[in-house]
Amino acid sequence: MAWTKNVLRVNLETGSCTTEPLNMTWAHDYLGQRGLATKYLVSEIDPKVEPLSPKNKLIFVTGPLTGTMAATGGRYSVVTKGPLTGAIACSNSGGYFGAELKFAGWDMVIFEGTSPKPVYLLITDGKAELVDASHLWGRTVWETEEAIKKQHQDPQIRVAAIGRAGENGVLYAAIVNDLHRAAGRSGVGAVMGSKNLKAVAVRGTRTDAYQVADPDAFFTAVDAGKKVLAGNGVTGQGLPTYGTQVLMNVINELGALPTRNHRDVQFEGAMAIGGEAMHEKRPTDGKANLVTNGACFGCTIACGRISRMDPGHFSVKDKPQYHGASGGVEYEAAWALGAANGVSDLEALTYANFLCNEDGFDPISFGATVGAAMELYDLGILTKEIVGFEIPFGSTEGMVKLAELTAKGEGFGREIGQGSKRLCAKYGKPELSMTVKGQEFPAYDGRGLQGMGLAYATSNRGACHLRGYMVSPEVLGIPVKMEPQATEGKPAMLKAFQDLTAVVDSSGLCLFTTFAWGLQDIQPQLQAACEGDWSEERLLLIGERIWNMEREFNLAAGLTGKDDNLPPRLLKEAAQTGPQKGAVSKLDVMLPEYYRVRGWTSEGVPTDETRVRLGG
Amino acid sequence: MKISLKLFASLAVHLPAEVRSRHRLELDVAPGATVLDVIQDQGIPAAQCAIVLVDGVWVAQADRATRELAEGEILAIWPPVAGG
Chain A
1 MAWTKNVLRV NLETGSCTTE PLNMTWAHDY LGQRGLATKY LVSEIDPKVE
51 PLSPKNKLIF VTGPLTGTMA ATGGRYSVVT KGPLTGAIAC SNSGGYFGAE
101 LKFAGWDMVI FEGTSPKPVY LLITDGKAEL VDASHLWGRT VWETEEAIKK
151 QHQDPQIRVA AIGRAGENGV LYAAIVNDLH RAAGRSGVGA VMGSKNLKAV
201 AVRGTRTDAY QVADPDAFFT AVDAGKKVLA GNGVTGQGLP TYGTQVLMNV
251 INELGALPTR NHRDVQFEGA MAIGGEAMHE KRPTDGKANL VTNGACFGCT
301 IACGRISRMD PGHFSVKDKP QYHGASGGVE YEAAWALGAA NGVSDLEALT
351 YANFLCNEDG FDPISFGATV GAAMELYDLG ILTKEIVGFE IPFGSTEGMV
401 KLAELTAKGE GFGREIGQGS KRLCAKYGKP ELSMTVKGQE FPAYDGRGLQ
451 GMGLAYATSN RGACHLRGYM VSPEVLGIPV KMEPQATEGK PAMLKAFQDL
501 TAVVDSSGLC LFTTFAWGLQ DIQPQLQAAC EGDWSEERLL LIGERIWNME
551 REFNLAAGLT GKDDNLPPRL LKEAAQTGPQ KGAVSKLDVM LPEYYRVRGW
601 TSEGVPTDET RVRLGG
Chain B
1001 MKISLKLFAS LAVHLPAEVR SRHRLELDVA PGATVLDVIQ DQGIPAAQCA
1051 IVLVDGVWVA QADRATRELA EGEILAIWPP VAGG
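Quick mapping for you: the protein sequence lines, in order, are chains A and B.
Using this note's numbering, count along the first sequence one by one with no gaps and you end on 616.
Using this note's numbering, count along the second sequence one by one with no gaps and you end on 1084.
Heads up, a few of these hints could be off.
[Unchecked claim] Examples of chain A residues lying across from chain B (beta carbon under 7 Å, computed):
(1) G233
(2) G255
(3) E280
(4) L476
(5) V480
(6) F515
(7) G578
(8) P579
[Said to hold, decoys possible] Facing chain B, a subset of chain A residues (Cβ under 10 Å, in silico):
(9) G236
(10) N249
(11) L254
(12) Y331
Because the hints were derived from the structure by calculation, they are not lab data.
Cβ coordinates follow ideal geometry from the N, Cα and C atoms, glycine included.
Could you build the full structure based on these sequences and the hints that come with them?
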């Protein structure tokens, strides 16, 4: 069995750590990771619970392929009710933490209640204990990881921690593991902070905790899968060399790069902040921003960016702690910290990204919120007196200062830390918040890519590119090419993407494998690892079941079909330049069809027939 | 007839060194030149041309031999890439 079949339940109120057997019926119905933890969560909490209250729960979870030889088999997720959206929150991360948790013998850790004082959880194989973290409270992710390793004299401990953002209630605070991999979105770090839980530290050395069901078949399937990844132009060459950042110029040329809070759809500074620019030698010190690429556990793609800043850059000139190599900007971060604000200084984006990693906050929601603040400033609603300094669009200094203040929870950074929905509402311009269900858009404009607009509107965790990546067919031609402005066939294609993504997110694998892999490549690996029937048909049913379970939770939490919407700017203000000039989102055309293919009513509620069909 | 050629990611090596960092080359091509003509004339490996856009609009592989370029158009090409 690829599951350890062990769940660790931690009651932060009482300090107890107890072991219970994994519900294997649920494992068969929901696979693992995203699906399985969500099943636990929705079965254990009131959907209307206040996300930052002790009654919310926080689950760290692995998948059956986490910690195996499967390529990219190192993923874990954090599942909770999200404070940014009030909807289900599920954030996925790589690095080495997930595999280590599995090596220690755990599929899942469920945190309940709130600790009376700051603590961290220390797991050493089968032993788990809460340790006083008073001395770590107020410290960054990076300081926390170093301190825990030093305290226990073990450099091989893996740490997932919150920084000051999570402590200070930044609603998009992240949980960062291995220094720069993050369960980044939806504010899972804020929930962790509300529980006075500073970190989870794991050391796993067991070799008997789990084992794939059919080792011979597993090796064969894994080997075949790795060959496909290596031979594919995207996963074998494009991603390792340029990372996700290569998309910056693609999306800009297509006229779908949201710029200055979605006022524009093309950014004149795109070339300066894209993947190619990271390879260019800087005129200042003759060195490139990009040092090398990096891989997570078991990954044969290695898309990660490792960057080193120009030590003479104004943002770090007197801060040697940022002069070393660290996690560089990925596409979404570079877009949010750059194009969304009109900032085209790659070094400044890298610095802000370092701060997001160091203090644990989502660069997408942060950058997009800064974009909204800059528009409010442009309109004269926010002023220098309110903010403390000037923040016109394109202000590198303004963006950098806001990143520093948000990390520390000081000054106007406290307002930026609440996200653009609350910021824009407070200043009387709710329509300027570029969000769905309260979560900020990532780096594709829903007017330029119609399918992505629908994906944002219907994503269960608020605006997100990782729940149904319609960029693949609309831009990259994977698996088939669909015209960006077409609407026909998009609802059905999106449903297929959403269901397949739910399967991948529940397996322990990285979603990026699907640029090369289809379900026919993933299925043999799961089939060999897990006993039972894991046919493609059944896996897709599981994916659909997971999607509907998340939907039902959101409906019970108080969301309705009316929340499957986009800001008026995307529905009414046409794109002004480029090949998508004149376009607005045709959400009204696509949404009814999407509900129909989902087997939902015209109000967006799963029909009784759909509920019976999906079971679980 | 003047057009612009933009080459990104690993295809940039097919641009003259002096314009490589700008990723853009201004070209004079014969009237009626197709997308495929430019790809071949510039020595760009056709099999590496995964994303081909003219003024931001996708040109499918099957259309590259027949899609004629017009004065002032921008031909932009990428190898297989993706992100997220």
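Which of the numbered hints are not met once you compare them with the structure shown?
5
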